[in-house]
Amino acid sequence: MLAAVCSAAVLGIDAYDVTVEVDVAQGLPQFTIVGLAASAVKESRERVAAALANSGLVLPPRRITVNLAPADMRKEGTAFDLPIALALLVATGQLRPDAVANVVAVGELGLDGCLRAMRGALPVARHVSRRAGVTLIVPPANAAEASLVGGLALCAPASLAGIVAQLRRCALEPARVATADSSTERQRVDFAEVAGQEGAKRALEIAAAGAHNVLLVGPPGAGKTMLARRLPGILPPLEEDEALEVIAIQSVAGVLTGGGWPERPVRMPHHSVSAAGLIGGGSVPRPGEVSLAHHGVLFLDEMLEFPRHVLDAMRQPLEDGRVVIARAAGSITFPARFALVGAMNPCPCGRSGDPTGRCVCSTADVQRYRARLSGPLADRMDMHVAVGAVPVENLRARAPGEASSTVRDRVVAARRIQRQRYAEMHGVACNAHVSGRWLDAHSHIDRTARAMLVRAAERLSLSARGYHRVIKVARTIADLDASVAITEPAIAEALRYRPVRAVADDPAAVPA
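The sequence shown begins at 79 in the working numbering and counts up by one.
Treat the hints with caution; some may be incorrect.
EDC-like cross-link-like pairs, simulated, lysine to aspartate or glutamate; straight-line CA separation at most 20 Å [what the hints assert, rightly or not]:
hint, residue 1, residue 2
1, Lys120, Asp95
2, Lys120, Asp150
3, Lys120, Asp190
4, Lys120, Asp101
5, Lys120, Asp176
6, Lys120, Glu99
Quick list of simulated restraints, FRET-style, between CB atoms [as the list claims (entries may be wrong)]:
hint, residue 1, residue 2, range
7, Ser541, Asp443, 23 to 31 Å
8, Gln445, Pro148, 52 to 60 Å
9, Ala404, Leu114, 13 to 21 Å
Don't read these hints as lab results, they were simulated from the structure. Cβ atoms here follow ideal geometry from the backbone N, Cα and C, with glycine treated the same way.
Could you build the full structure based on these sequences and the hints that come with them?
Shown next as structure tokens:
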């Protein structure tokens, strides 16, 4: 007898329909899975057989053929265990065909018949929600994730025996999802704890408000890492569409933790990360750190310790906001719209430019060290910020600084202005994401501010990219001030964050 059950598979952070067809015929006992199934999918025959037996169900000694259609697309993962088991029960007469007519099933089976978590439940749920009158069956561990998709009928049985009993009654029980907090507030450190560094804190506020890239340059112990670790405390909350994309990426990558509304992701990979780990890839393409930082921050501490080819691999994602991983069988696209924050020393010993003359690096060593950051990547950094050492007397006695909550309120207000401005532009939510040419044409820039920008562009030899990034930063500064026009002070402050010379040539030339 022939039977079919609807399922779905994940491709990138999207999903597509898969029909699980099972044919049970007379002949020598055999269990074959076809349809470009990977090893984990082929091993499901052992899990399914044991789960059926331990659930009090029957797997007759027949010739069993399972086809996963479309057969020309490779199938990965363990999510086909449940639909294969259900199709087998229909094909052997233990379930009526109409019982599975309006369901889509995904999930891994344990040998005892329990349903275990799978990767990519949210992309599957978003895909299934586009079909009317369909119920999605997922493992209980994925119910909270899938329930984030509104208007979706969801069932989350604990075991194979449980879902079979419900299907026999033709009464699927709605999933019971525990109410989670609206946000998973992480324990934060506060800007109020930072002594001095007012210029760097101001730069990070602008970066958070406009999602700009920032390069922090300064000697060891000046507070670069400390400042960057406090950046999450001033980031605005995720909007609904952004949160769903973040959860989808984390689900596909297998790093989703808990339920509730997520915060903006902050990723801090070690400098030993490979290009595939940073950008994404592998034999089975998985999102890398740049995609896991989507709608958030990617912080590269000791940035020049990363291999140069790994750093340069970020140039295309920084421009396009996505990563395309090409393979012989096709290409997969992962979103990667993130703000890059880098921290680096000006030289190997970190004392270059110190007025006390304590730098012990030779000219060749300094040039070799600075060449690790290519000019094109340095040009993509919107803001180059000098972080100087704080005098000891300022560390001992000082008044508390401005709290992160206060700064965050200003950042949220600026982001609200930007979302209203770009409401009609798909995929654009803040100043860093919009085309520089569009912003230049549609922003009101005062005549004196425009003249200053032109003079500075000539004197600093700004590239077209650098010119437009100055306008983007100035627009963010104006938004923080709730100003409709980009004024001369906003342009002047934005120009302070452009290096006098390319950082690849002289990182110590960052404006103070």
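Consistency of the hints with the structure:
1. Lys120 to Asp95: holds, 19 Å
2. Lys120 to Asp150: Holds, at roughly 16 Å.
3. Lys120 to Asp190: holds, 19 Å
4. Lys120 to Asp101: Roughly 16 Å separates the two Cα atoms, so the pair holds.
5. Lys120 to Asp176: violated, 27 Å
6. Lys120 to Glu99: holds, 14 Å
7. Ser541 to Asp443: 23 to 31 Å: holds, 28 Å
8. Gln445 to Pro148: 52 to 60 Å: holds, 55 Å
9. Ala404 to Leu114: 13 to 21 Å: holds, 19 Å
Comparing the model with each numbered hint stated earlier shows that hint 5 is the single one that does not hold.
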